[in-house]
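Residue numbers (the working numbering), protein chains in the order written: chain W, 1 to 426; chain U, 1 to 292; chain C, 1 to 276.
Note that these hints are calculated values from the structure, not bench results. One or more hints might be untrue.
Claimed, not checked - Here are the computed lysine-lysine pairs in the DSSO-like style, where the Cα-Cα straight-line distance is at most 30 Å:
1. 312(W) / 226(U)
2. 297(W) / 56(W)
3. 67(U) / 168(W)
4. 226(U) / 244(W)
5. 244(W) / 67(U)
6. 239(W) / 236(U)
7. 226(U) / 423(W)
8. 297(W) / 120(W)
9. 41(U) / 239(W)
10. 67(U) / 226(U)
Given the structure is predicted, the values throughout are model-derived calculations rather than measurements.
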Amino acid sequence: MFHAVKKALLGAGVAAALAGMSAAADAKTELTMYYPVAVGGPLTKIVDGMVADFEKANPDIDVNAIYAGNYNDARIKALAALKSGQPAQLSVMFSIDIYELIEQDAIVAFDDIVKTDEEKAWLDSFYPTLMQNGRTAGKTWGIPFQRSTIVMYYNKDMFRAAGLDPEKAPATWDDLVAAAGKLTKADGSQWGLMIPSTGYPYWMFGALAMQNDQVLMNGAGNETYFDAPATVGALRFWKDLGSKHHVMPEGTIEWGTLRKNFLEGKTAIMWHSTGNLTAVKKGATFDFGVAMLPANKRRGTPTGGGNFYIFKKTTPAERTAAMKLIRFMTSPERAAQWSMATGYMGVSPAAYETAALKDYVKTFPYAAVARDQLKYATAELSTFQTGRVRKALDDAIQAALTGAKTPEAALKEAQATAERFLKPYM
Amino acid sequence: MTRDAMRHVYGWLLLTPAAILLVAFTHYPTVATVLDSLYSKGSAIRPSRFVGLGQYAQLADDPIFWKVLANNAWFALGTIPASVALAIAMALLVNRALPGRALVRMAYFTPTILPMIAVANIWLFFYTPDIGLIDQVLSVFGLPGHNWLGDTATVLPAIIAMTIWKEAGFFMIFYLAALQNIPPELGEAARLEGASRWTYFRRVLFPLLMPTTLFVLINAVLNSFKLVDHLFVLTKGGPDNASNLLLYYIFESAFSYFDTNYAATLTVVLLALLAVLALAQFFALDRRIHYW
Amino acid sequence: MTAPAGAGGRFAGALEVSAAWLLAVVWISPLLYALWAAFHGGAYATHFDPTAPLTLDNFRQALDQAPFLRYGLNTFILVTMLLAAQLVLCTLAAYAFARFRFWGREAAFALVLVQLMVTPEILIVENYGTLARLGLVDTITGIGLPYMASAFGIFLLRQAFKSTPKELEEAARLEGCGVLGVLWRVYVPLARPTYLAYGLVSVSHHWNNFLWPLVITNSLETRPLTVGLGVFGAPESGVDWSIISAATLLSVAPLLVAFLLFQRQFMQSFMTAGIK
Chain W
1 MFHAVKKALL GAGVAAALAG MSAAADAKTE LTMYYPVAVG GPLTKIVDGM VADFEKANPD
61 IDVNAIYAGN YNDARIKALA ALKSGQPAQL SVMFSIDIYE LIEQDAIVAF DDIVKTDEEK
121 AWLDSFYPTL MQNGRTAGKT WGIPFQRSTI VMYYNKDMFR AAGLDPEKAP ATWDDLVAAA
181 GKLTKADGSQ WGLMIPSTGY PYWMFGALAM QNDQVLMNGA GNETYFDAPA TVGALRFWKD
241 LGSKHHVMPE GTIEWGTLRK NFLEGKTAIM WHSTGNLTAV KKGATFDFGV AMLPANKRRG
301 TPTGGGNFYI FKKTTPAERT AAMKLIRFMT SPERAAQWSM ATGYMGVSPA AYETAALKDY
361 VKTFPYAAVA RDQLKYATAE LSTFQTGRVR KALDDAIQAA LTGAKTPEAA LKEAQATAER
421 FLKPYM
Chain U
1 MTRDAMRHVY GWLLLTPAAI LLVAFTHYPT VATVLDSLYS KGSAIRPSRF VGLGQYAQLA
61 DDPIFWKVLA NNAWFALGTI PASVALAIAM ALLVNRALPG RALVRMAYFT PTILPMIAVA
121 NIWLFFYTPD IGLIDQVLSV FGLPGHNWLG DTATVLPAII AMTIWKEAGF FMIFYLAALQ
181 NIPPELGEAA RLEGASRWTY FRRVLFPLLM PTTLFVLINA VLNSFKLVDH LFVLTKGGPD
241 NASNLLLYYI FESAFSYFDT NYAATLTVVL LALLAVLALA QFFALDRRIH YW
Chain C
1 MTAPAGAGGR FAGALEVSAA WLLAVVWISP LLYALWAAFH GGAYATHFDP TAPLTLDNFR
61 QALDQAPFLR YGLNTFILVT MLLAAQLVLC TLAAYAFARF RFWGREAAFA LVLVQLMVTP
121 EILIVENYGT LARLGLVDTI TGIGLPYMAS AFGIFLLRQA FKSTPKELEE AARLEGCGVL
181 GVLWRVYVPL ARPTYLAYGL VSVSHHWNNF LWPLVITNSL ETRPLTVGLG VFGAPESGVD
241 WSIISAATLL SVAPLLVAFL LFQRQFMQSF MTAGIK
């Protein structure tokens, strides 16, 4: 009896799945994809172009891309749409949103969608470091796409003027301080270095901590190490750049206007996302270089950027279509095209093996810096309650940089706050 | 039904469409906010549950909450007296014969009709260190630049300055209206009695403008709670919450941390503050009758 | 202030004129700066060189990068629809309060006035939930709905209707006008200045409103200018000064031009609306 019911249910399920598939064959499958770029950034056009190519290759699938603003906006909008029952099948969202999305039961693991061995192999075709933020609890939830690391941009003309070797970027913290010292002009018209501390302070800080050989959280996303001695040391170094070495402006440095500062020659070195590479290349009126971030105990940078997620409230047909789209967008050729157009990374080794990207790297070697740096990279700060935990760290960093608190006190507070929010997840 | 009884029917029929919307978007959400503040944050994995005043206890322990509350107070104290004083000065200046009076008045008033978000975009370019306009002007005089929005000590004053610029012209309008109702003979009489202009202002004009001042004050205080648009562009409440305001923190809690219940708790605090203001207005209006 | 006579007075007068003008220049300078940045190339955004060539390129790029025309249309639809709804709803409610002594009138009026304090932007969280349940998230109607019954409008129109002489109503009734006929023939025409004032204030307010539209809209098809500008001005990879200035001007231009043309009406309206 029990068996019969189960069988009937199974049968119904299969029938529904088949119905879904046949419906897909007849009618178009509509996909709504949320995408985290400001409407208007030049990125919109590139994504639109790739989507159009996809639709041409797959006439049975319609993709509606919604450009929702920054990562935060995109997550808010996509989740809000899901809650209110509006269509949303997939999204590129912050890679670090993974725990929040799992907790909201909003996304489905790719392991539960992939069927063939070929598809399973595809899951392993990306750079493993880029997969760190997409995997937890033994499953893969996010596929890397709009991914970046932090790199060091520097003004070679200024290096020359200061008597530094323009082909040799500072490789250690000590080198960095020394070089920046030479590059800083006493009248304040030119700074040696700027590391942005608004927008995503925790991200820049992840790099400094990693260079001090300290990660910020565990793999399960329920523990943070904000007050570890090496973490405190990293923050002290950041603060000292401004208040002790005087090679960087004191206080916080605006993320959004930093590129302009660099292009205007107000700073000789900036740390920024690789996502800026193409824009800097277009805007620079001087000879510039791109290098890996320097090392203290080791080199290090967090990865950053957005992953593809598929939402749970989707029909089998929609999931299949979404998979098609994601595989299309992350295919080596597309990843290469995307990387060249934006400066974001090619997400798989195969992308850097394509003829197009190989040629590009040959003429513009800086396009490969982010890739080469990957072997030193670690996951970006991501935990349960990630918004709050991140804010605790952001506030601590800004408090230390503005001199409101000492690095020790600020980070101790941040750690206590994080522990309070993470307690239920231990 | 008699014609007299019909007035109840007509009255309510006429009122109903507006009443439905008012209840749906003002009264119902107010009550719902209070109820929501008694429950914990819910997610698919951890359903929301009744916690009584637990959220309020959390609020009392939340240093950011106290910080934004203090910021709101400083923001109000910083913007209101200055913009009211400027508004009076502006009104007096353009209420007299003045070459190009219409132009001057227009210049004062123009910020009022610009959206705060656009204003913030423009002012961001003023405050940006080194390449911003203010630092460039300072460097002309050989003065060092300053990181206006990146320093916890100057970020709130910077935002206050911008808000004063935005609001003074708006308040000026009400003073202009009031001044036009004051008979010019009063000034003549004061002059004949040898009163200085300052005495005339302090003893005669300012008291006569009192009702306007009260009205403007209430508007200004309300605005100081509602104006957060610029934070989206300028500071996102930073650095270290130095420019964060209550309504922005509510937005963050609800839409960045998905903690609608904590946001509800914060909203209740805001509603309580507004209720106090409502009472203040009630008494202020009482005084106003005394003057007119 | 009436200026006292005499040489000292004339000096004080000249001082006041200069002060007035200086303040005016300071006050308008942010806008002038935006104009400068918008009409010059990026290299001149922070360098003031009177010989710098003028260009429309920033506007072209802003329009190319984001659909500001569409945003403008959205804003236009929003303020028009909202104003129409406000006028109808507030007129009816104000008429009820002004001319019908119905049961519960005082209490109802007090409840209406609550909205003067507790405006919809304070209740974004709950109102978002309500609109989600109504399926109106990401619609222009959704942006407008919480503001349609405006306590401010009801209050203003009630004042205007109350000051209308009762005799006019009696006369209209004798001519056979019904309840709505009286409203339409007598009260509405006589309150025209109030309508104009309220209309201008409402349009400027909603043209500039940001927080609630930000929360409730997701897509190009609904986003008003302010939200479009907010999203545009905060891109992930840095601010392009001149283009943002151009975008900012594009967003404020329609209202600004209207203001410059109808200055007097604008200021008069804000005055009327403020003085209850």
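Results of checking the hints against the structure:
no.	hint	in the structure
1	312(W) / 226(U)	violated (37 Å)
2	297(W) / 56(W)	violated (50 Å)
3	67(U) / 168(W)	violated (46 Å)
4	226(U) / 244(W)	violated (40 Å)
5	244(W) / 67(U)	holds (29 Å)
6	239(W) / 236(U)	holds (21 Å)
7	226(U) / 423(W)	violated (34 Å)
8	297(W) / 120(W)	violated (37 Å)
9	41(U) / 239(W)	violated (36 Å)
10	67(U) / 226(U)	holds (17 Å)
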